[in-house]
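Trainee: Going down the list, the sequences are from chains A and B. For any residue, its number in this note's numbering is found by taking its place in the first sequence, counting from 1, and adding 826. For any residue, its number in this note's numbering is found by taking its place in the second sequence, counting from 1, and adding 826.
Simulated from the structure, these hints should not be mistaken for laboratory data. Model, not experiment: these values are computed from the prediction. One thing to keep in mind: the hints can contain errors.
Identical chains blur together in the list; that is why a pair holds if it fits in one copy or across any two.
As the list claims (entries may be wrong) - Cross-link-like lysine to aspartate or glutamate pairs, in silico, DMTMM-like; alpha carbons within 20 Å at most:
#1 LYS863 <-> GLU873
#2 LYS1313 <-> ASP871
#3 LYS1265 <-> ASP1075
#4 LYS1339 <-> GLU976
#5 LYS928 <-> ASP1012
#6 LYS1265 <-> ASP892
#7 LYS1265 <-> GLU888
#8 LYS1313 <-> GLU897
#9 LYS983 <-> ASP1003
#10 LYS1312 <-> GLU976
#11 LYS1043 <-> GLU1317
#12 LYS983 <-> ASP1075
#13 LYS983 <-> ASP1040
#14 LYS928 <-> ASP967
#15 LYS1043 <-> GLU897
#16 LYS1043 <-> ASP1012
#17 LYS1312 <-> ASP1333
Number of protein chains: 2
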Amino acid sequence: MTDQQTSPRMRRGSARDAKRAARLAHAAHSVPYITRKIPRYEVLDEEGLSLIEHNADTVLAEIGIDFLGDEEALTIWREAGAEVQGTRVRYPRGMCRTIIQKSAPREFIQHARNPQRSVVMGGDNTVFAPAYGSPFVRDLDQGRRYGSIEDFRNFVKLAYASPHLHHSGGTVCEPVDLPVNKRHFDMVYAHMRYSDKPFMGSVTHPLRAQDTVDMAKILFGDSYIDPQTGKPRTVITSLINANSPLTYDTTMLGALKVYARNNQALLVTPFILAGAMAPVTVAGACTVTLAEALAGLAFVQLLNPGGPVIFGSFASSVSMQSGAPTFGTPEPTLVLYTMAALARRLGVPFRSGGALCASKVADAQAAYESANTMMPTCLAGVNFVLHTAGWLEGGLAMGYEKFVMDADQAGMMHTFLTGVDLSENGQALDAIREVGPGKHFLGCAHTQANFETAFYRSPLADNNSVEQWEAEGSLDMAQRANALWKKMLREYEAPPIDPGVDEALLDFIARRKASFPDSNV
Amino acid sequence: MTDQQTSPRMRRGSARDAKRAARLAHAAHSVPYITRKIPRYEVLDEEGLSLIEHNADTVLAEIGIDFLGDEEALTIWREAGAEVQGTRVRYPRGMCRTIIQKSAPREFIQHARNPQRSVVMGGDNTVFAPAYGSPFVRDLDQGRRYGSIEDFRNFVKLAYASPHLHHSGGTVCEPVDLPVNKRHFDMVYAHMRYSDKPFMGSVTHPLRAQDTVDMAKILFGDSYIDPQTGKPRTVITSLINANSPLTYDTTMLGALKVYARNNQALLVTPFILAGAMAPVTVAGACTVTLAEALAGLAFVQLLNPGGPVIFGSFASSVSMQSGAPTFGTPEPTLVLYTMAALARRLGVPFRSGGALCASKVADAQAAYESANTMMPTCLAGVNFVLHTAGWLEGGLAMGYEKFVMDADQAGMMHTFLTGVDLSENGQALDAIREVGPGKHFLGCAHTQANFETAFYRSPLADNNSVEQWEAEGSLDMAQRANALWKKMLREYEAPPIDPGVDEALLDFIARRKASFPDSNV
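If we strip away everything but chain A, and leave its shape as in the complex, we get (with noise of 0.2 Å):
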């Protein structure tokens, strides 16, 4: 087990917090992060990488990225050495290549305001974030619905009690009642006073960027600046999407350059679904794919070099009966393990995949799908995983049960990444010399010495009999699921926060709110 540290839920409080935190730790290992201790899947061999690198710097030179409303970015990339014409930037051959490679971190900490929440993105390790940007919710009660921010505020705390997640996310559902250029407030402190992990950031507009470094001071204080460096610590990463193919507009510029300029984490994502956003190929969707993601985030470091990145590759197929995105299917998934490679042979931390489908509900079809894209996500080496828990519908709802059923999954990938032990206790020849041919081993000496531990304990798979199962009520795992959620949401209790520090936040968002009228837009 890659138990780097207890959770500090479990070394802390009362008897009652005590009984949780054994049942916890009984279940599963809460951990700030995954390091894997077993090897990556690559697809395709160094030849068929240089080609698609090859390929991407082509796109680069001859046809280049859009920057849309942006002045300040063309005279950047123009001083940088590129070519400009209009609002269109072409580069030589590397140019981008070289600039990450120069000053971008291969890892970097983002930190939690509970230091033990801290995880560390790139390398060896993974960290596991709800979905993200559901403007509807479901559940089997109230079935589709709007996203509100009380719904918001559950998906914060069913992932803070979730033990595999690692990571608050941002954009857990859209909380629709509440005005599009206020709503920010609400949802940044929601992960500040609901959860300690790490959270992401407002991208929707440059002032909401600002508001949420502001309130991220407010929440660090005087951990917010790294007295070695003087610089601030990266405690926000915030979601870029390219507005494919080769293109980057004025709001996501705007938002980049508040939080580069703040040495916040940028996730920097070409949102290509292959047959819309870029060809019908696997190679083609790569190539667009690696060539928004080399301006991204050498223009992230021109603005700050060294400052944290991520690498981030949304990818699917649209069905070419409908044009609907499809998910869980072969082609993204092998899109998937290409990107993974190229963005290590890059050396930046690595963003892709989750547990995305395109059903309605939480199915078999949702299952199928997600299953498909989470494994792949972890031997891949995703080192950030957004959408681990909660997406249908193409990312159009977030479900209760799905968020559930999927924050189990990660629990799975969690043993699966720490792979074999090959300890003498792992080896076991002792038990099979005591038991021998033709016996059992459930009753033997090293059963029962491995019995807590053995193999990942599901809280949703139902492994009884059928007789069993019917005196049960005969219940679907979604059904499962949408009794397991409820029960965290009873269970929830919020981690402590210094008051004054809540005072402040709540203070500064009611100044905030006042300065400027409603509005949603």
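Assemble the complex: chain A is given as a structure, and chain B must be docked to it using the hints.
Mentor: Quick look at chain B alone, frame taken from chain A:
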């Protein structure tokens, strides 16, 4: 695509056939088996694999294997140089490996009655076969019930009609409505008559194994004997489970001997639930599996040097709470990768994995668990995948809906295993040049040209909008699967068979059935 050849059904026949063939070819590519174009995944390095090999040799030398109720087996072992005490056989280090590597083929052909359906077992090839051995069946209409010969025939027909299943399998369900001592006639006949894909033989009694061989002789007629070798062609693969731990019993040894002496293929499979038949650790379960397989495979080579064998590993865990088997969990995944690598080092074809699950119904649990087993099955390089489709409830039930859902997943795995197309068309640089920044690829020439084959098309996944999905009745995947299997059975047409052969088979069965009384033992 690895379309070694178009399926014979697509070459023959009427306009109606042609239309159906076009429809099938549209959605999928029916090939007799898959030849992988992507690398395998390895979880352990040379040192780890050697350690388990060393430990298995220790088990074989110190503890040994029980061969129960078979004096001939003990004599064979004694003469080969093993140490025999009572029913216990102990082996000098390396003895079994040496015997196997001296004569066992790395690959072999299992011939189908339709030569275009013959499969190559071993090497870079993957052969998908239905699930095996369930006494119960389940569908959404009638729920769970004992299997019947009608169910058996239905599953043979569904496997025949599934473009991504290459093999007809064996006991696709138990026809419990027929007497135990005669049902093998109807089972083997169903495979021969309702499919032209390769099949498996009866193993529940040596006489039933002999009946299977005798029926194969009738079916294959003049082509049964290979004129070049003068030996029977391999036209049957049969499943021999060890009585784990470390035991082979009379029944299995009896059937094994019949098939080996008729040059038919033997799939020797330790059946290991870690915690019950082996230690609770991955390395311990692998050690027991390897020891048992080495003894079983070597025994076949002593009986029939050069005879076709497959190294099988059926491995899962038991719940430490209830003792029930669990599936799709991380520990068996690690066993699977390890065993596949060990079989490769031994140099024989390997069987493991499939769409295993503990779920009673075709819900999200079934799908998560199945996908979590099937993807490692393919990445590990399994050659013969028993239990590709239909498995529910730890193998106790064969599901109609689950069958077609899993067969769809097998299709996805086919596309995945063909890897990344790096041809000029695959690279698609001209498409990227044509479209450029900010536009979409849906209508571009490259997309039009690749429209038909761009992406795997699932017949079951729903990627429509939620509005469309609701308008169509808000069906989950299992409900859509219910419609699909019924449609497949309605449209099923039996492959042609020589009427003389059919008559001879029926005559043989009638005579044999009349020659001894029914019995349920």
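Trainee: Next, verify each hint and record whether it holds.
Mentor: So, going through the hints one by one against the coordinates:
no., hint, result
1, LYS863 <-> GLU873, "between (27 Å within a copy, 15 Å between copies)"
2, LYS1313 <-> ASP871, "neither (47 Å within a copy, 43 Å between copies)"
3, LYS1265 <-> ASP1075, "between (67 Å within a copy, 14 Å between copies)"
4, LYS1339 <-> GLU976, "within (19 Å within a copy, 70 Å between copies)"
5, LYS928 <-> ASP1012, "neither (38 Å within a copy, 71 Å between copies)"
6, LYS1265 <-> ASP892, "between (69 Å within a copy, 11 Å between copies)"
7, LYS1265 <-> GLU888, "between (70 Å within a copy, 16 Å between copies)"
8, LYS1313 <-> GLU897, "neither (52 Å within a copy, 60 Å between copies)"
9, LYS983 <-> ASP1003, "within (19 Å within a copy, 54 Å between copies)"
10, LYS1312 <-> GLU976, "within (14 Å within a copy, 44 Å between copies)"
11, LYS1043 <-> GLU1317, "neither (30 Å within a copy, 67 Å between copies)"
12, LYS983 <-> ASP1075, "neither (33 Å within a copy, 55 Å between copies)"
13, LYS983 <-> ASP1040, "neither (23 Å within a copy, 66 Å between copies)"
14, LYS928 <-> ASP967, "neither (53 Å within a copy, 64 Å between copies)"
15, LYS1043 <-> GLU897, "neither (29 Å within a copy, 81 Å between copies)"
16, LYS1043 <-> ASP1012, "within (16 Å within a copy, 76 Å between copies)"
17, LYS1312 <-> ASP1333, "neither (32 Å within a copy, 64 Å between copies)"
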